[in-house]
Each structure stands twice: as C-alpha cells, then as structure tokens.
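Let the sequences and hints guide you as you build the complete structure.
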Amino acid sequence: MSRRVSPKKVPMAEQPPHERIGNFREVPLGYTPEQAVEEAKRCLQCKDPPCIKGCPVEIDIPAFIKLVAEGKFKEAALKIKEKNALPAICGRVCPQEDQCEEVCTLGRRFEPVAIGRLERFVADWERENGNPTDIGPPAKRGKKVAVVGSGPAGLTAAADLAKMGYDVTIFEALHKPGGVLVYGIPEFRLPKAIVEAEVEYVKSLGVEVRTDSVIGRLYSIQELFDMGYGAVFIGIGAGSPMFMGIPGENLNGVYSANEYLTRSNLMKAYLFPKYHTPIKRGKRVAVIGGGNVAMDAARTARRLGAESVYLIYRRSEAEMPARIEERERAKEEGIIFHLLTLPVRILGDDRGRVRAIECIRMELGEPDESGRRRPIPVKGSEFALEVDTVVVAIGTSANPLLPRSTPGLKLNEEGYIVVDEETGKTSLEGVYAGGDIVTGSATVISAMGAARKAARAIHEYLSERG
Amino acid sequence: MRVVEEGERIPLTLYDWDPEGGTISVVFQEVGKTTRLLAKMAVGDRILNLVGPMGLPSHIERFGRVVCIGGGVGVPAIYPIARAMRLAGNEVIAIIGARTAELLILEEEMRSVSDGLIVTTDDGSKGQKGFVTDALRGLLESGLKADRVVAVGPAVMMKFVAETTRPYGVKTIVSLNSIMLDATGMCGVCRVAVGGRTKFTCVDGPEFDAHEVDFDLLLDRLSQYVEEEKIAALDR
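Those protein sequence lines, which keep their order, are chains U and A. Under the numbering used here, read the first sequence as residues 295 to 760, first letter to last. Under the numbering used here, read the second sequence as residues 941 to 1176, first letter to last.
If you are wondering where the hints come from, they were derived from the structure by calculation, not from laboratory data. In this text, all values refer to a predicted model and were calculated from it rather than measured experimentally. Each residue gets a CB set at the ideal place from its N, CA and C atoms; glycine is no exception. Heads up, a few of these hints could be off.
Listed below are the simulated DSS-like cross-link pairs for lysine-lysine, each with C-alpha atoms no more than 30 Å apart in a straight line [as the list claims (entries may be wrong)]:
1. U:562 to A:1139
2. U:470 to A:1139
3. U:704 to A:1139
4. U:562 to A:980
5. A:1170 to U:568
6. A:1139 to A:1170
7. A:980 to U:568
8. U:577 to A:1170
9. U:470 to A:980
10. A:1170 to U:562
11. U:577 to A:1139
12. A:1170 to U:470
Pair by pair, the computed Cβ-Cβ distance ranges are [claimed, not checked]:
13. A:1136 to U:712: 28 to 34 Å
14. U:664 to A:979: 50 to 56 Å
15. U:313 to A:1103: 54 to 60 Å
16. A:1070 to U:644: 29 to 35 Å
This is the structure in structure tokens:
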C-alpha cells in the first residue's frame, strides 16, 4: 500500500534571530497539536523499526508516534515515560540526527520523522495539561540506594530504581538538582522550568533529593554504605574544565565554559544585579572550541550584549562536533566562525585583563587517530583579534574530588572511572557508575542509557543479596 | 554559602566546629553584598544553602616549632590550625595582626592555643607597631629556628610572609582566598599558579607552598569583579 508522505518535516516556529539575541527565552517554540498530528502521520510505522535501536533508552518510538497521530497525547506521554523519565529534556537536547532520526526508514528518501520534536511536544503537552502520568507507587522493597549526582545519569538511575521499588536518595553537590541541565545548558536551549518539572516528576516517584551534599567531602562512599545504602550509583559528570595551556590563560576575562555558563545559567548572572553573581558583559568575545558547549557560550555572550563574538576552532566545520542545528542558530545570531584557527596566546593589559588573542591559521593534513584530518599550523599566518573576554570551551576532564577520596575505585589513566560496559559495575562491590565520569564528555542521552543499564544491574545485585 | 535565592555563592573558612552539638562557627567581615546580607540575619534565621567542608584538610603533623600567622579576618582561620598543630605536639608561636586595636580579634583564644603570642597593629595602638611580617622578620633575625610557618590573611600579607621566610628557607604554607563559584573543581575561577602549574584552590588547596605561589596573579584575579562589586553594593 502506498501513500503520499510529505518529504519534509513539519516546520517548527522559532524566535527570529534579531529578536532572540535580545533575550534568554527558548528559541524553538514547539509544535501545535495540529502540527504534531500532521508530523506524526508521516511515520511509516515500520514492522521492524530501526529507530528504537537508535535510541539509547529504547523508547517505543512508533508506538508513541501512532498515539500522537490519533490525538492520544496523554497515552503517548505514558508510552514515552515507560522508558524515559526526562522526555521534555531529551526532546530538546538529544542529537536525534545521530540516533533515532538517523536510522529512520523515511530518512532514506526524505527528511526523517521529526521524532525529537514530537517527543518534546508530547512532554510539553503533558506538563501543560497537568501531570496525568500516574503509574502509582510500586511495592516498596525496603532497600536503599544512593545516587551521587543529579544530572541526566543520576536522575535516570534514580527514576528507574524508584519504579522498581527502591528507596532512592540523590546527593547533589550544588544547590539545585539537574547537573549540567541547570548549570551548563542555557535557558534559551533548555528552559530551567522544564528541568525543574522533570526533576519534580522524578521526585514524585518517591526519590529524595539532597542538595548541597558533596560526596567525597560530606560523606565518603563507604559512609553511604554505613548509613544503610545497599548500593551506590555514581553519576557525577566529567566536570573539570580543560584549558589549552597557552600563555595568558589566567588573565582576568578568561573563563572556562563551565564558569561562564554556570554564572549565567545556574546563578542567573544575566540578571545581575537583581541576581548577585556577576559576569563580564564583554563587547568582543572569543570562544575557543567547536562543540555544543562552545555554541552555548558564544550564543550566551551574544545575549549578554557582545557586539562581536568569534568562535575559534582549529579544524574545519566538517569536523566540528556541535550539532548542525546549533551551528546554524549560532550563525544566524551573527557569531563569526574563525575555522582552521588555533589560539597561541592571550595578551593582557597592565591590569592583567584580556586585550587580545593571538591565533595562527591551520591547514588540514592526514587523518589522525580520531579519523579526522589533523590540523597543521601555517607558518607566518599569525594574527591577533582584539577581544576583552575569552571563553575556553575545549572540553572537560574527570573531576578528581570523589575518586581521590574513594580508595579502591579503579580509574583509567585519564582519571575516569573504569566500569563493566554492560552493567556499569566498578571495581568496588555495590558501586556502579555511568555518564561522563565514565566516558568523558558525551551526550545527555548516552549518560541516561548508561544509567539505565546500571539501574538494572543494581537491581540484580540487590536481588541476589536478598 | 548562599544566603538568598538571588544570592552569590561565597567561600568562608571555619573558625570552630562541634560535631556533638552539630554546630560550626565562622567569622566573616562585611565586605560585599553577601556578607552584608549575612550580617543582617538574626538568631533563628535560616541560611539558604551551606555546603562543605570543601578543599583538602590542613596538613597537620609534628614538625617541631611552628609559627602560625593570622592577619585581620585570617585570625579565625589560623586559630584551628594553631590548635591542631599544638595538639600534634608542636611548639606553636602565634603572630596575629590588625590595622588597629579595635579590629584585633580572638587574642585570648589565640593565646590559649599557642606557646607564645605576638600581637601587631599597623598603627601601634596595641602590641608591636607594624605588620605581622615585621614581627616574623624579627623572630627569624633573632635566630629563632622555625620548622614551618603557616599564614592566613589578606593576599598581600601572605605574599610578604612568603618573601620574609624565603631567605631563611623555612617551609611556608598559605591558605588562599581565591574567588570561587561552585567550589567543587567544576569552574576553575579559583585557579592559581603554583610552581608554574595551574591549580584550583577549591580542590587542590586551599593550602599551598607559599614560595611557589604567584601572588601577583592571585591579586589580579581577586580584583576581577571590583566594578560589579560596587554595582551590587549600590543595589539597595
């Protein structure tokens, strides 16, 4: 049976660039119910759907989309929540183009089904129409599990374990739960009210969240066992900012992306002085890096009033790890891309403040160990950009705080926790880990996938112990 | 610590603690928005957020003779260190200083945890006239053998303590007061250069070898937000 399918996704309205650079509100505005139904009808409802395998948390995608097409939004929400406790977040920040949508059958000929937009629609609809998801509290097992960190991994592990009947406590170092979802990803990409609502949902499953609790300082992992927790899941993220090691990096006005974004997002420095945490509102800002975090920092700088924002990346755009969507939005907002450009030093004034960044042009050579063509400096091509703020967004490394205070926890040479890939089991009995503290910087959804596996393994471990 | 929902997170140093009673004591000076808000609180009020203890514990062992130096609001921070050093079997000589007599705090408490106490004020209104570094230099010049010096105070004071002990080769430890945001090693605002390498005060410190610390960089970095601090102060 053949039917006519629109070759393109139903477009989603968004704030126009000239408008959005003046505010921190969300850029894409989401589907209307009519648009969602129309888009959902594009789904071919494959018998052996590849999209489910493309999803790290194995959402039954065709099933929820079918429910959307039938206008059964509440049922669609329930269907998603069988597998994903954080759909409004994933619908926004998952790289669907590399996952479910990449393998979508429709995508072989046309644009794939807008699975991410539909997930977002369903989650938003559910939130706005009261939370109808009531799976009822499961039978309690009378066993306690501690989850360290309340980012995507911690929330997922906690939700899964709570649904299985465990008493789960999340220990969060910061004053707000959400991890990278609250300190890292900006409001204009992921509104904090949405993170709060999804954290509330996890709490509604019976999960206790204890903020201001730094494990490794307040309590050690061993002390958590002493307190009666039968197992511990570590999902603390990578978290330690990397710098380039070039001269001038400690000048005033040089930020790690973590600092810049934490000031703006978690501490709401963009509302200074109503909020008391300051941030430099640079007029000319250089952001170093080519990932999603670099895009977030550049677009934040623009919204903080920068006239010129330069994105400096040592490879070409083809090698950039940032999502195409984020790159396009950054360009629309007037971010100037300096590709094949490597910063060599940051120059300061007599008061130790940034005044310029010196760079060298690069050309691409042979592929390196990552398979991407290695950038090589072009002799004599140095040039300087006058800037007053520099944001270093070249990635993170493992935060040593918890590992250092946990004897016997096996780490790899880079300081990440060594685990069994299928179970998240660490070298310590009853201790599991997942997310960036295992893999290094990755995506929200891959952390969630790892947390799901670990939650299953924790359940097996605790069941065996009786 | 964060006092109100709109508030900044600021680092404070413990002065004392009582695990049985479940209390901690801090001494702070009203210097900015947050400390002023804190000062306005009354007995029974709740602080919104408190997290800790952060950083690595002080390195305490039996060294022999230890000179403990506290300047201004650094005195409450050196107090528990002096006490622990003495409990570990060290001879503790304490030097505490302030601008003027009425700003001098915890003199009796410091006396109770040291074998000898020298008080200095910049204006000579109490104890020796001059800086703590003058008293320290006096001790070292008189031939006093110190096995270790620990100093907590304003960055400038710690810088000059480092310069005073350097010629004598006395191992000197300072507790740095960098700007912090999360204090868990996540943001790097507290970075300092120690022995030419970048360290984070919050997770690698706060105590470092004074002879390795780049104090000029620390001083520059402490001045990062002076303009914003003024704006915040004006905002009611």
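Quick one: which hint numbers does this structure break? Sort them smallest to largest.
none
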